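Chemist: Sequence:
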Amino acid sequence: MIGFNGGLIGAARETSFNQSVPGVWTPREQLKAKRASSWPSSDIVEYLVIGGGGGGGGVVGGGGGAGGFREGTRSFIPTTSYTVTIGSGGAGGIGYTAAAKPASNGSNGGDSVFATITATGGGGGGGDYLGGASGAAGGSGGGGGAQSGGSSSGGAGNTPSTDPSQGNNGGNGSGINGSGGGGGAGAVGANAPASGGANGGDGKSSSITGTSITYAGGGGGGARTGASAGSGGAGGGGAGSVGTVVATSGAVNTGGGGGGGGYSGTSSAKIGGDGGSGIVVVRYLATFSITNPGGGLTYTTATDGAYKVTSFTSGTGSIQLS
Numbered sequence: 000m001i002g003f004n005g006g007l008i009g010a011a012r013e014t015s016f017n018q019s020v021p022g023v024w025t026p027r028e029q030l031k032a033k034r035a036s037s038w039p040s041s042d043i044v045e046y047l048v049i050g051g052g053g054g055g056g057g058v059v060g061g062g063g064g065a066g067g068f069r070e071g072t073r074s075f076i077p078t079t080s081y082t083v084t085i086g087s088g089g090a091g092g093i094g095y096t097a098a099a100k101p102a103s104n105g106s107n108g109g110d111s112v113f114a115t116i117t118a119t120g121g122g123g124g125g126g127d128y129l130g131g132a133s134g135a136a137g138g139s140g141g142g143g144g145a146q147s148g149g150s151s152s153g154g155a156g157n158t159p160s161t162d163p164s165q166g167n168n169g170g171n172g173s174g175i176n177g178s179g180g181g182g183g184a185g186a187v188g189a190n191a192p193a194s195g196g197a198n199g200g201d202g203k204s205s206s207i208t209g210t211s212i213t214y215a216g217g218g219g220g221g222a223r224t225g226a227s228a229g230s231g232g233a234g235g236g237g238a239g240s241v242g243t244v245v246a247t248s249g250a251v252n253t254g255g256g257g258g259g260g261g262y263s264g265t266s267s268a269k270i271g272g273d274g275g276s277g278i279v280v281v282r283y284l285a286t287f288s289i290t291n292p293g294g295g296l297t298y299t300t301a302t303d304g305a306y307k308v309t310s311f312t313s314g315t316g317s318i319q320l321s
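Note that the working numbering numbers the sequence shown so that position 188 is 187, with each residue one more than the last.
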């Protein structure tokens with residue numbers, strides 16, 4: 000836990016006694032509020048927000064990108080309501096059909112939200128080995144699908160050049176057999192080796208629960224029969240598949256990307272793996288309790304020394320600290 004900035008709410012910075020700065024109470028404002036018994040009590044909580052993973056592409060498809068990874072601290076005023084939403088995993092792409100090639104792409108994962116903090120869902124993997132669809136942008140980008148006679152691009156992740164960083168780019172697809180790996184929170188997805196599916200990027204670890212757990216790994220790229228599929232990145236990324244086997248889905252509540260599918264002839268059945276759902280975790284002093292007054296959220300609370308840790312695993316709703 001982190002203490003207060005000398006009683007100020009917001010980022011610490013120098014001010015004069017009367018100077019007003021957005022998000023910061025001046026010393027005079029603090030004094031007046033305390034005398035009037037209107038000074039808001041608050042606590043600093045730690046949070047981890049993981050978006051839903053993207054679905055893997057369906058036809059020699061790229062791996063799905065991992066959901067965005069957000070971790071930090073913020074103030075939390077008791078009895079004030081804060082929104083929590085758990086992003087769902089994106090759907091995996093379907094097999095090749097002449098009339099519905101775009102449908103072979105994986106879908107993006109859903110955003111996860113805690114108060115004003117949003118973790119973007121992972122990008123879906125590209126599909127369709129004839130057209131070489133590019134991976135979609137997301138918290139981490141989806142891998143590019145295999146491209147007959149050319150290459151396809153991995154989707155853009157919310158990379159360190161942005162503020163804040165949430166993830167990394169997906170890998171590129173190359174040739175009729177090569178599909179890119181989905182990006183992970185800790186590493187980019189690998190580019191296709193032109194002979195099969197590439198590995199998904201690894202995720203990042205967090206010890207917010209009291210134990211180090213890795214989240215948000217990218218999905219591995221799929222491959223045609225006779226080639227090798229890519230493995231999922233550490234942190235719940237699903238492995239790509241070969242031929243007509245359905246790819247592995249991202250792990251639930253990790254934001255892992257789904258694996259890319261192989262080549263399924265003219266079947267319209269789903270072959271790319273689904274993305275794993277996201278999660279929101281909040282760590283706070285054990286003297287407090289979190290409630291979900293209006294319902295709508297599934298969650299569990301554990302105690303870790305002087306702190307409680309509440310993990311929200313599905314749904315949407317409002318929470319309060321009391």
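Among the clues, some could well be false.
Computed spacing ranges between beta-carbons, pair by pair [said to hold, decoys possible]:
| id | residue 1 | residue 2 | range |
| --- | --- | --- | --- |
| 1 | 82 | 299 | 15 to 25 Å |
| 2 | 164 | 305 | 25 to 35 Å |
| 3 | 268 | 71 | 34 to 44 Å |
| 4 | 292 | 209 | 19 to 29 Å |
| 5 | 321 | 115 | 38 to 48 Å |
| 6 | 224 | 295 | 14 to 24 Å |
Don't read these hints as lab results, they were simulated from the structure.
All values derive from a computational prediction rather than experimental measurement.
Where a beta carbon is used, it is the ideal one built from N, C-alpha and C, also for glycine.
Chemist: Falls inside 25 to 35 Å, the C-beta gap from residue 164 to residue 305?
Modeler: holds, 30 Å
Chemist: Is the distance from the Cβ of residue 82 to the Cβ of residue 299 consistent with 15 to 25 Å?
Modeler: holds, 19 Å
Chemist: Taking the beta carbons of residue 268 and residue 71, is their distance inside 34 to 44 Å?
Modeler: This hint holds: roughly 42 Å between Cβ atoms.
Chemist: Taking 14 to 24 Å as the hint, is the beta-carbon distance of residue 224 and residue 295 inside that range?
Modeler: violated, 45 Å
Chemist: Should the hint that residue 292 and residue 209 are 19 to 29 Å apart at their CB atoms be regarded as holding?
Modeler: Holds, at about 27 Å.
Chemist: So the hint says 38 to 48 Å: do the beta-carbon atoms of residue 321 and residue 115 match that?
Modeler: 20 Å Cβ-Cβ, so the 38 to 48 Å window is violated.
Of the hints listed earlier, those the structure fails to meet are numbers 5, 6, in rising order.
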